[in-house]
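Construct the complete structure from the given sequences, taking the supplied hints into account.
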Amino acid sequence: MTSKVKFKNNRTKKKQLLSARYSSFLEPTALINRLHRTRWFSPATLACIPLVFIIIALWAGAATAQDQELTPEYVKGVLDSIWILVASIFVIFMNAGFGMLETGFCRHKNAVNILAKNLIVFAIATLVYWSIGFSIMFAGDHPFIGGGGFFLTGEATSYGLDPFPSGLPLPVFFYSKQLLPLLQPPLFLAL
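Residue numbers (our numbering): 49 to 239.
None of these hints come from the bench; they were simulated from the model.
Any given hint could be a false lead.
Claimed, not checked - With beta-carbon atoms standing in for the labels, derived distance ranges: (1) N161 <-> L94: 48 to 56 angstroms; (2) I103 <-> N158: 36 to 44 angstroms; (3) P211 <-> H156: 48 to 56 angstroms; (4) I172 <-> L106: 46 to 54 angstroms; (5) V160 <-> F212: 20 to 28 angstroms; (6) V139 <-> V176: 14 to 22 angstroms; (7) L167 <-> T205: 32 to 40 angstroms; (8) V139 <-> F199: 21 to 29 angstroms.
In this text, a Cβ means the ideal position worked out from N, Cα and C, and glycines have one as well.
Below, the structure written as C-alpha cells:
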C-alpha cells in the first residue's frame with residue numbers, strides 16, 4: 049500500500065513551468081533592464097526616418113503641382129468608382145459566406161474540399177465571364193453575338209457605355225457586373 053501512496057504523491061506534486069535558470073528572465077525588473085539594454089534601431093536609422101517623410105512630402109507636392117485643375121465631373125467620377133469598388137468587395141464576401149454556410153452542413157473532414165470547390169468555381173466563372181460573358185451581356189448593336197469584344201478588348205463605347213467622367217471606367221464596370229454571374233453557382237451549390 050505504501051507504494052500506491054508514494055505513486056499518488058508523485059503525481060500530485062506540482063511541476064515548475066520553467067527551470068530556475070530561466071525563471072529570473074521573467075521577473076519584471078529583469079525584463080525592463082533587458083529592454084533598456086537592447087537597441088532596436090541605430091541612431092543613424094532613427095535620424096533617417098524624418099528625412100524619408102520630408103522627401104515623400106516634397107515629391108508628392110512636386111507631382112501634384114503639374115496636374116491640371118480637377119473638375120467637379122472628374123471628382124464625381126472618381127468617387128463613384130471608389131464607391132462601386134467598395135460595394136463590389138462587400139459582395140465578394142458573400143461568396144465566402146456561402147462557402148461557410150455550405151461547410152456548416154457537412155462533416156469536418158470535408159470542410160477543406162467544400163471551400164476549395166467554392167474557390168475553384170469562383171475562379172473558373174471569373175475567367176469565363178472575362179473571356180465571353182461580358183461581351184455577350186454588353187454587345188450593343190453588333191450583329192454578331194458578343195459584338196467581337198471578347199476578352200474585354202475594346203473601349204467603353206464599344207460596349208455601349210459612357211466614357212469615364214460621365215460613366216464608370218471599363219475595369220470598374222466589369223468588376224461590378226461580374227459579381228452577379230459569379231454568385232449564382234455557390235448559391236445553387238449551397239442549397
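| field | Numbers of the earlier hints that this structure fails to satisfy, in rising order | value | Of the numbered hints given earlier, those the structure breaks are 2 and 5, listed in rising order.
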